[in-house]
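Student: These are the residues of each chain, in order.
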Amino acid sequence: MGFQTSLRISAAGMSAQRHRLNVIASNLANLQTTRTPEGGPYQRKDVVFQAKPMVDSRNESLMESGQQKTLSVEMVKVIADSRPPIMKYQPEHPDADPQGYVAYPNVNAIEEMVNMLSATRSYEANLTMMKTTKDMVNKTIEILKV
Amino acid sequence: MTVNRLFDNTTNLLAKVMALRARKAEVISSNIANIDTPGYKARQVTFMDQLQDALVESDRLPLVKTHKVHLPVSRTITEIESSIQAQESSLAGFDRNTVDLDHEMAALAENSLNYNAAVQMLHKKLNILKNAIVEGGK
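For the record, the sequence lines run as chains A and B. Read in our numbering, the first sequence has 36 at position 36, and its numbers run on one by one without any break. Read in our numbering, the second sequence has 29 at position 29, and its numbers run on one by one without any break.
Hints are computed from structural coordinates only; laboratory data are not their basis. Keep in mind it's a predicted model, so treat the numbers as computed, not measured. Backbone N, C-alpha and C define an ideal beta-carbon position, used for all residues, glycine too. Among the clues, some could well be false.
Residues of chain A placed beyond 12 Å of chain B at every Cβ, according to the derived structure [stated by the list, open to error]:
(1) Phe3
(2) Gln50
(3) Ala80
(4) Pro94
(5) Val102
(6) Leu127
Listed below are several chain A residues computed to face chain B (Cβ distance under 8 Å; list not exhaustive) [stated by the list, open to error]:
(7) Phe49
(8) Val73
(9) Gln90
(10) His93
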């Protein structure tokens, strides 16, 4: 426990935000995709984060007291957004339905940009935390140089 | 404690402060990592009150627990433990997450500055000790 735990938690936070950024990139890239291997238009994807208790093999028994557990974070799954596709009247499109409407992905570019900024900021906050922890460790090591 | 022959009470206090601050850094990193976790409650570490009490108490005559049913006597510096509380906040977003990033970053800065100050003081104390030993040998 201590600084290693801090570094591991920050790393987990950065990793989770990077996964989120990947999913956002995929949403933006598929803004106009009307064909997918599963059939139908691309469905917007989102991530589910979950707080995860840190497990320390050395003193697991010390960490059993519920409240005192240190929580890390992990991405548990990628879910598909169930909002309906956006219908556009485009009778000339090969994927148009008999009424002439094409189902476009339920992705909103602005919403994705906002999420992207949020993920970037969160990533940076984790990075700052990691830098600070490293500085603290370096300072501690300097004690030995007396 | 046997190390007391070489290290005084201040050294013990600094060591304790460093340990508590390291624990606090852990909880702050946990809050920051969970900034986008739905339902996560920001957690805070407190130990300042206990530390103050222990410092005041260390100037008095020590009370000793002589029977197991005695009320707990006030703790010495080395016995202080940090306590963690989850924070309920009315500012929670729609995902019921109560992490306030500005607050966490400020706490992070304060914590690391205080930690570094403790390290610096310990460094100085060890230097003084070293000086005494080196000069004594001349």
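Student: If a hint holds in the structure, say so; if it doesn't, say that too.
Tutor: Cross-check of the supplied hints:
1. Phe3: Check fails; 6 Å does not lie beyond 12 Å.
2. Gln50: At about 6 Å from chain B, glutamine 50(A) fails to clear the 12 Å cut-off, so the statement is violated.
3. Ala80: Nearest chain B Cβ is 17 Å from alanine 80(A), so the label holds.
4. Pro94: At about 39 Å from chain B, proline 94(A) clears the 12 Å cut-off, so the statement holds.
5. Val102: At roughly 32 Å from the nearest Cβ of chain B, valine 102(A) sits farther out than 12 Å, so the non-interface label holds.
6. Leu127: violated, 10 Å
7. Phe49: This hint holds: phenylalanine 49(A) lies near chain B, its Cβ roughly 4 Å from the closest one there, short of 8 Å.
8. Val73: holds, 4 Å
9. Gln90: violated, 35 Å
10. His93: Hint on histidine 93(A): violated, closest Cβ of chain B at ~37 Å, above 8 Å.
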